Structure formats: C-alpha cells, structure tokens
Amino acid sequence: MKILIADDDALSRRLLEKTLERAAYAVTTVADGRRAVEVLSKPDAPRLALLDWMMPELDGPEVCREIRKHREQGYVYMILLTSRESKEDIVAGLESGADDYLVKPFDADELKARLRTGERILHLEDRLVEAREQMRFKATHDPLTFLWNRGVIMDLMGRELTRSQREHGCTAVILGDLDHFKNVNDTHGHLVGDQVLREVARRLLQSVRSYDFVGRYGGEEFLTLLNNCPPVSALVRAEEIRKAICTRPVQTDAGPLGITMSLGVLLSCDWGHRPADELLREVDAALYAAKTAGRNCVMQAKPEEPRERVPTPQPAGEHFR
Amino acid sequence: MNKANGSEASCVNWSELLARVDNDRELLCDLLSIFKREFPEHLQALRNAVACNDSALAARVSHTLKGMLANMAVTKAADYASRLERLARAGEIASLGGAFDAFEKEVQGLLPEMESYTAEARP
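Residue numbers (this note's numbering), protein chains in the order written: chain R, 1 to 321; chain B, 1001 to 1123.
One thing to keep in mind: the hints can contain errors.
[Stated by the list, open to error] Sample of chain B residues facing chain R (criterion: CB under 10 angstroms; computed from the structure):
| id | residue |
| --- | --- |
| 1 | D1030 |
| 2 | H1063 |
| 3 | S1082 |
[As the list claims (entries may be wrong)] Anything over 12 angstroms on all C-beta distances counts as not near chain B; from chain R, calculated:
| id | residue |
| --- | --- |
| 4 | K18 |
| 5 | F137 |
| 6 | Y211 |
| 7 | W271 |
Note that these hints are calculated values from the structure, not bench results. Every value quoted in this text rests on a predicted model; they were computed, and no experiment measured them. Beta carbons are placed, not taken as given, at the ideal position from N, Cα and C, and that holds for glycine.
Using the sequences and the accompanying hints, generate a full structural model.
This is the structure:
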C-alpha cells in the first residue's frame, strides 16, 4: 500500500521511510506541507499519510484541513506526528481533520499497528463506495439488458435536446421496437424472450459510438440518442442499427431466432424548440408508420410532411429460423 | 571504556537507538551521517537566535533539535532542548542564555561519540 511521509527533518524522514519500507509500504517522502498537499491531490495518490506537525509552508494540521476540503477525492487516512503532547494540541490536531496522532519518537510496532487501523478504515470505505456504486447502477439501469432505464434515458434525451439547441447541432432520436416479439415469448417462453432482449441490447450498443446513449424504453422498445449527429449520417446509422438486428439470427436456448426491428427516427434540428415529450410522440408515430409499412424498416418523422421511408438497400422482412 | 560502548558518560542510549532501527547498522550509519551534517547547523542557528533574543526562532529551532535528539536516543539533551523550547515559547528571554549554555555543555561530547561509533562500526 502507498503511503506519504511529510517531515522537514531529514533524520525522521529517513527513519520512517526505512521502517515503513520494511513493513512493505510503497513510500513517498516530501519535506514540506505544500508538497504533501500536491502529492495527496494527484490521481492515484497515497491514501495513507504520516504528517509532521511542524513543517515549512503548511504545517500538519493545515495539510489536513486542505485535504478534507476536497470531498470528491477518495478518503485519505492521516496521522499527525508530533512531539507536542498537550491535550489542547491533540484536540486541535484531530479537529483539523487528522484521524490519529503519534508522539515522537515513535515506536515502530505502535506505528505499524496504527497504520493497520487506517488500512481497515480505508477498506471499509472502499466497500461502502462499491456498495453505493452498485446501488447507483441498479437505480439507473435496466436489470435485464443493463441499458439505461426509462427514467434515465428520458432525462438524457431532455438534456441532449437542450444541448443541441444551444450548440445549434442535431441529435438523432431513434425509437426501435422488435417485430412480433410477443410471438417469441408465446412460442418459446419468457426466458428465451429475455435472451433475445439481452442480445438486441448488445447489438444496439455495438452499433453506436461510446458517447451515444441507448436505453430500454419499454418491454421490447429501445430508445437511442445519437449526439452531434449530422442529418445524413443519422439516417444511415438508423439503417445500420436495423441491419445489426436482422442480419444474423439471435442464438437462444430454443435455437437461432430471426429477429427484426422497426424504427422511427427524428432529427432534433428539423423540429426547432419542441419539448421532449412532444418529439417522443412524433418519433413514436414514425415507428408506428414503420410497422404499418411492413416492419423491419426505418421511417423518419418530419414536421408537416408525409413520413418518408428511408431507402432500404436490402429487402425488408428477412427471418431466420 | 569507550563512550560509544556504553560508558556512564555516554550521550546516546545506543541500545535504545539500535532497537529503534531494528539492529540495521546500515540505517544507523545513515542516520548518524544525517545527524552529523544537520546538527551543527541547527545548533548555530539556536546560538544566534538566543544571542539576538529571537524567541520565536529559538522556539522553532529548539523544537527541531528536540525531535532530532529524541530520534537518536539522546534523551538528556532532548530534555534540555525541550526546556529551551518551553522557555522560548513563554518568551522568557532572560532564562534562555543560561538554558542554552546548559544544553551546549550537554551536547559537547555528542558528535565525537558518534564519530567514534561510526569508526568502530566501519568494517
């Protein structure tokens, strides 16, 4: 484990360094408080720190206060080293944000035991952060496909539309719905249906850039947002998504199944300042039009114009069994 | 008996110091070398601070010396440095001169004792 030693006394620094290296710590040493703050503020910084109380630039308690200001960083367990032994000093040191203190000259065994206490606290923090991240993931993702859930993808859509308007760009909103998915569930059961949904989610993610968004909008409906997307390439991308779903059968426990998707696509730059729910209604209508037009195709929503079927290079409606 | 081998007049508690470095003679020689380099500079700074009645500087330097001496198991001299620090912090300028003289007398034989130890430890 990494540890920082900050002490202006070269003798004390060397003694601590050697003692901790023997105890298998990866040691960094600095001679003043300012450098200590710099090192502890870097990414991947040590999370254990031994700070001398009296140092040039910033003293130990000042370093503690500085580090505690930045709550977004991972927790740093800080021990003040001091030859000041009055109760007032100890209270002041702990109030500054130090976790513990040790009186010089230190006893090596006591120092190591106190550092192990620090490691236990850090381990506990890691577990709490991990649990919080898991909760956050569960609250924002669909548990079956691991795509963004409906609430999040709707928020993202609102945010992206605002950003497009501000930057005079264009966001493509693509609503896709699997064709005859009810038949898959009815014929092969819901477990096979789930396998299809998971594979479709995987193909959707593979079809977009890392900074685009894909969410599960409903049962077999998926909402995709392509950010900063020029109108021409948005339609090409929607067509690529359609092909990504239909060109290869989905492998399931019931064997390979031919799956197709109908898609409605809408370009935010065609619609001016319209609220997200209104645009969703429009793209949903385009999706409905794609269903009516025979499924496995892309229809574009355009204001006050008949819906245009995006030219499909290959015949629609291929099914694999 | 040589001071470094543990005579009564020894300034350094060598057994305590050896325990502190976990009997690592190489580390001990490192520490002695750092001490011999830094101690005279701090001593001179303290002498000047006391001569100029600069209690703030005297408090800071005597604090540093106290830490160095305690780390090197020079217990009695560390106590003298601690007294100097207390007096300087309290602004008792009049008592600083006498306290410094006592401290200087206590550390008079320190560096030769360390030199002697280093010479004996050398292969």
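When the structure is checked against the list of hints, which entries are broken? Sort them ascending. 4
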